[in-house]
Amino acid sequence: LASSLELPAMPRHTAPGVRLPVLPGQITVCLDSTVLSTVLGSCVAVCVWDSKLQIGGMSHFLLPHHLGRRHGEPGRFGELAVSILIERMTEFGSRAGHLQAKLFGGAALSGTSQARALGTRNVEVARQALAARGIPVVSEEVGGERGRKLIFATDDGEAWVCWI
Amino acid sequence: MLIQPEARPMTKKILLVDDAMMIVMLEKKILAKEGFELITAKDGQEALEKVASEQPDLVVMDVNMPRLTGLEACARLRQDDATRGLPVILVTTKGQECDLEAGYRSGCSDYVTKPIDSVELVTKVRGLLGL
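For the record, the sequence lines run as chains A and B.
Residues in the first sequence are numbered from 1 upward in steps of one, following the numbering used here.
Residues in the second sequence are numbered from 1 upward in steps of one, following the numbering used here.
Bound-form chain A, shown alone (with noise of 0.2 Å):
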């Protein structure tokens, strides 16, 4: 899937603890110790960790699906979104059974009911795609009516939040 696919580009490599920031729609997974962050709003972030290889990585994604005009940016959508960032943790030698997910995210910051229901509908999204390929959610920081600063560690899957 990946392979067909124009993404956003995504550092492999980096020198330890170098910071960097997740854009919306980007997807990156750092093999080096690495510290990623970004800014939530209904916009969710799916944190992967491997327990074993100690490798990481982080989609932000804005919207739930695709409506099938657009595959230019697929990180930018729930469910391809989460299915790339496991395909890149796999290319790096990471297996489901050694893999656990952290959500953040999903925020209800506009007025209308519609508007508001776009952070909960992401972040079903994200659990949906995680739990069809069995990666358990060890933690999760959704919901709410504020934005979020989020730092993620990817040597040790430390993940800190604060509100904005």
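Quick caveat, the hints were computed from the structure, so don't treat them as lab data.
Hints may be right or wrong, so weigh each one.
Okay, derived cross-link-like pairs now, DSS-like style, lysine-lysine, Cα gap no bigger than 27 Å in a straight line [said to hold, decoys possible]:
#1 B:28 to B:50
#2 B:12 to B:50
#3 A:149 to B:13
#4 B:114 to B:33
#5 A:149 to B:28
#6 B:114 to B:29
#7 B:50 to B:114
#8 B:50 to B:33
#9 B:13 to B:29
#10 B:28 to B:114
#11 B:42 to A:149
#12 B:42 to B:13
#13 A:149 to B:114
#14 A:149 to B:12
#15 B:50 to A:149
With the hints as your guide, set chain B onto chain A.
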């Protein structure tokens, strides 16, 4: 004795787009404190022209504007290879019927709601600029 000037990061340029001058002034006040270079446009059409001529690093753009809406302008930026990756934050009005999904599908990177929260705006701008 020679004194080497300290290496300073390049100032990031941000384009603020809104037909309401008060909103632009507020955004300017918030972002100027962060040291950004700020330029403005009053609708989507002018925003496209400013993007081409000024090459900003990020755009903060209202949704509802005359001539060309924020959604239309964002979609056009995404159709152009030169501006496909330009971060765009859309500004929506809280409580007003606005289609957040339409914004994301037009290609925007993020959004903030009016009344604008200064911490939220600065955090999202800095996040998208990797600062």
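A quick look at each hint next to the structure:
1. Restraint check: the Cα-Cα separation between residue 28 of chain B and residue 50 of chain B comes to about 16 Å, which is no more than 27 Å; the hinted pair holds.
2. For the hint linking residue 12 of chain B to residue 50 of chain B, the alpha-carbon distance of about 15 Å falls within 27 Å, and the restraint holds.
3. Of the supplied pair hints, the one linking residue 149 of chain A and residue 13 of chain B holds, its CA atoms being roughly 23 Å apart against a limit of 27 Å.
4. Note on residue 114 of chain B and residue 33 of chain B: the hinted pairing holds, with a Cα-Cα distance of about 20 Å set against a maximum of 27 Å.
5. This hinted pair checks out: residue 149 of chain A and residue 28 of chain B have alpha carbons roughly 23 Å apart, not beyond 27 Å.
6. At roughly 15 Å between alpha-carbon atoms, residue 114 of chain B and residue 29 of chain B fall within 27 Å of each other, so this suggested pair holds.
7. With a C-alpha separation of about 24 Å, the suggested pair residue 50 of chain B and residue 114 of chain B falls inside the 27 Å cut-off, and the hint holds.
8. For the hint linking residue 50 of chain B to residue 33 of chain B, the alpha-carbon distance of about 22 Å falls within 27 Å, and the restraint holds.
9. Straight-line distance between C-alpha atoms of residue 13 of chain B and residue 29 of chain B comes to about 15 Å, which keeps the hinted pair within the 27 Å bound.
10. A threshold of 27 Å between alpha carbons decides the hint, and for residue 28 of chain B with residue 114 of chain B the separation of about 15 Å falls inside it, so the pair holds.
11. Between residue 42 of chain B and residue 149 of chain A, the direct Cα distance comes to roughly 31 Å. Violation of the 27 Å bound is thereby established for this hinted pair.
12. A distance of roughly 17 Å separates the Cα atoms of residue 42 of chain B and residue 13 of chain B; the hinted pair therefore holds under the 27 Å criterion.
13. Restraint check: the Cα-Cα separation between residue 149 of chain A and residue 114 of chain B comes to about 20 Å, which is no more than 27 Å; the hinted pair holds.
14. Proposed proximity of residue 149 of chain A and residue 12 of chain B is supported: the alpha carbons are some 21 Å apart, at most 27 Å.
15. Using a Cα cut-off of 27 Å, the hinted pair residue 50 of chain B and residue 149 of chain A is violated, with the two alpha carbons roughly 30 Å apart.
The structure fails hints 11, 15 (numbered hints given earlier, in ascending order).
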